[in-house]
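Asker: Sequence:
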Amino acid sequence: MPTREKSVENYSATASPAPVDLIVPRDCAGLRFDQALARLLPEFSRSRLSAWMKTGNITVDGAASLPKTKVWGGEKIHVIPTLDPQATAFRPENIPLNIVDEDDALIVINKPAGLVVHPGSGNWQGTMLNALLQHAPTLMQLPRAGIVHRLDKDTSGLLVVAKTLTAQTALVRQLQAHSVTREYLALVHGTVAKDGSVDAPIGRDPRVRTRMAIVTNGKAAITHYQIVDHYAHATLLRCRLETGRTHQIRVHLASISHPLVGDPVYGARKKSTLPAFTRQALHAERLALIHPATKRRRSWHAALPDDMRHLLKALEPT
Numbered sequence: 002m003p004t005r006e007k008s009v010e011n012y013s014a015t016a017s018p019a020p021v022d023l024i025v026p027r028d029c030a031g032l033r034f035d036q037a038l039a040r041l042l043p044e045f046s047r048s049r050l051s052a053w054m055k056t057g058n059i060t061v062d063g064a065a066s067l068p069k070t071k072v073w074g075g076e077k078i079h080v081i082p083t084l085d086p087q088a089t090a091f092r093p094e095n096i097p098l099n100i101v102d103e104d105d106a107l108i109v110i111n112k113p114a115g116l117v118v119h120p121g122s123g124n125w126q127g128t129m130l131n132a133l134l135q136h137a138p139t140l141m142q143l144p145r146a147g148i149v150h151r152l153d154k155d156t157s158g159l160l161v162v163a164k165t166l167t168a169q170t171a172l173v174r175q176l177q178a179h180s181v182t183r184e185y186l187a188l189v190h191g192t193v194a195k196d197g198s199v200d201a202p203i204g205r206d207p208r209v210r211t212r213m214a215i216v217t218n219g220k221a222a223i224t225h226y227q228i229v230d231h232y233a234h235a236t237l238l239r240c241r242l243e244t245g246r247t248h249q250i251r252v253h254l255a256s257i258s259h260p261l262v263g264d265p266v267y268g269a270r271k272k273s274t275l276p277a278f279t280r281q282a283l284h285a286e287r288l289a290l291i292h293p294a295t296k297r298r299r300s301w302h303a304a305l306p307d308d309m310r311h312l313l314k315a316l317e318p319t
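Using the numbering used here, the first residue of the sequence shown is number 2, and each one after it goes up by one.
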């Protein structure tokens, strides 16, 4: 049977399983504790059982026990199962959203730095998706709750979210056709001499899988940049994306020796005399697209957030 992409409701959380009490049978004598558990509780994966042991959700005769400890039969085991964090990821949460515009087809949001867009490893709750499900419960019926593109956790600025499947399809097609305008303000290290473009494919860094890099077998990626202002030891750029690869602006600007100020991943080795900044200095300032319902081009603008505004004020102009 062919598979299809899971929509949000496929991940809806259920109630936590009831606690389990059992006694180790004699035929498990001599086994490691984790081996005995795997035999006695086959409905749970070994990784889940291991996690519960580490968090104290499984006790032996009322006390925590190491996985390698041997059992001999007769021990009383108490298990308090908890749901996989992924199972509870797609729940509504009362998280404020800065909504720039909303109608029956879409929502435009000015995302603050620090807010993760979509649940994922290490960030299963407290995301923009959770906030969207609270704000508009009908988004539960759409793949990814209507989210069609993302910003990094520590990038601020504009995002569009579809409210209907028709609108989502239209927005995805526009993104694929590179007809959505996305412009960012980026403060980078060093003096950029002139406007330019970076056309270089991006993929997973083969050495560090949590990073992206310019790799020959990566996906096509094009970033255009224009100088907005020069400062001592820094340049403010306006960047326009033709494509939307993960970390695209961060990787491309680092590749021309002008990493983003504050970037902990791609600018970490860059020595700086600039004021400390706790995130990458990147803000999605402008978004423009064809409205899925009216078929007219719409444009939105989001002013720099306070932290970037204060940073620019603290810099010495040239």
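By construction, these hints were calculated from the structure, which means they are not laboratory data.
Note that the structure is a prediction, hence the values are computed from the model and not measured.
Treat the hints with care, since some could be wrong.
[Said to hold, decoys possible] With a Cα cut of at most 27 Å, we get these calculated BS3-like pairs of lysine-lysine:
{"no.": "1", "residue 1": "Lys-154", "residue 2": "Lys-272"}
{"no.": "2", "residue 1": "Lys-77", "residue 2": "Lys-55"}
{"no.": "3", "residue 1": "Lys-55", "residue 2": "Lys-69"}
{"no.": "4", "residue 1": "Lys-195", "residue 2": "Lys-69"}
{"no.": "5", "residue 1": "Lys-154", "residue 2": "Lys-314"}
{"no.": "6", "residue 1": "Lys-272", "residue 2": "Lys-195"}
{"no.": "7", "residue 1": "Lys-71", "residue 2": "Lys-55"}
{"no.": "8", "residue 1": "Lys-220", "residue 2": "Lys-272"}
{"no.": "9", "residue 1": "Lys-154", "residue 2": "Lys-77"}
[Stated by the list, open to error] Per label pair, the in silico range of CB-to-CB distance:
{"no.": "10", "residue 1": "Ala-315", "residue 2": "Thr-247", "range": "24 to 32 Å"}
{"no.": "11", "residue 1": "Ala-233", "residue 2": "Pro-306", "range": "17 to 25 Å"}
{"no.": "12", "residue 1": "Pro-265", "residue 2": "Lys-69", "range": "30 to 38 Å"}
{"no.": "13", "residue 1": "Ser-122", "residue 2": "Ala-233", "range": "38 to 46 Å"}
{"no.": "14", "residue 1": "Arg-205", "residue 2": "Gly-75", "range": "44 to 52 Å"}
{"no.": "15", "residue 1": "Gly-197", "residue 2": "Ala-233", "range": "45 to 53 Å"}
{"no.": "16", "residue 1": "Ala-194", "residue 2": "Pro-306", "range": "33 to 41 Å"}
Don't be surprised by glycine CBs; every beta carbon is placed ideally from N, CA and C.
Asker: Check each numbered hint from earlier against the structure, then list the numbers of those it violates in ascending order.
Answerer: Hints 4, 8, 9, 15, 16 not satisfied by this model.
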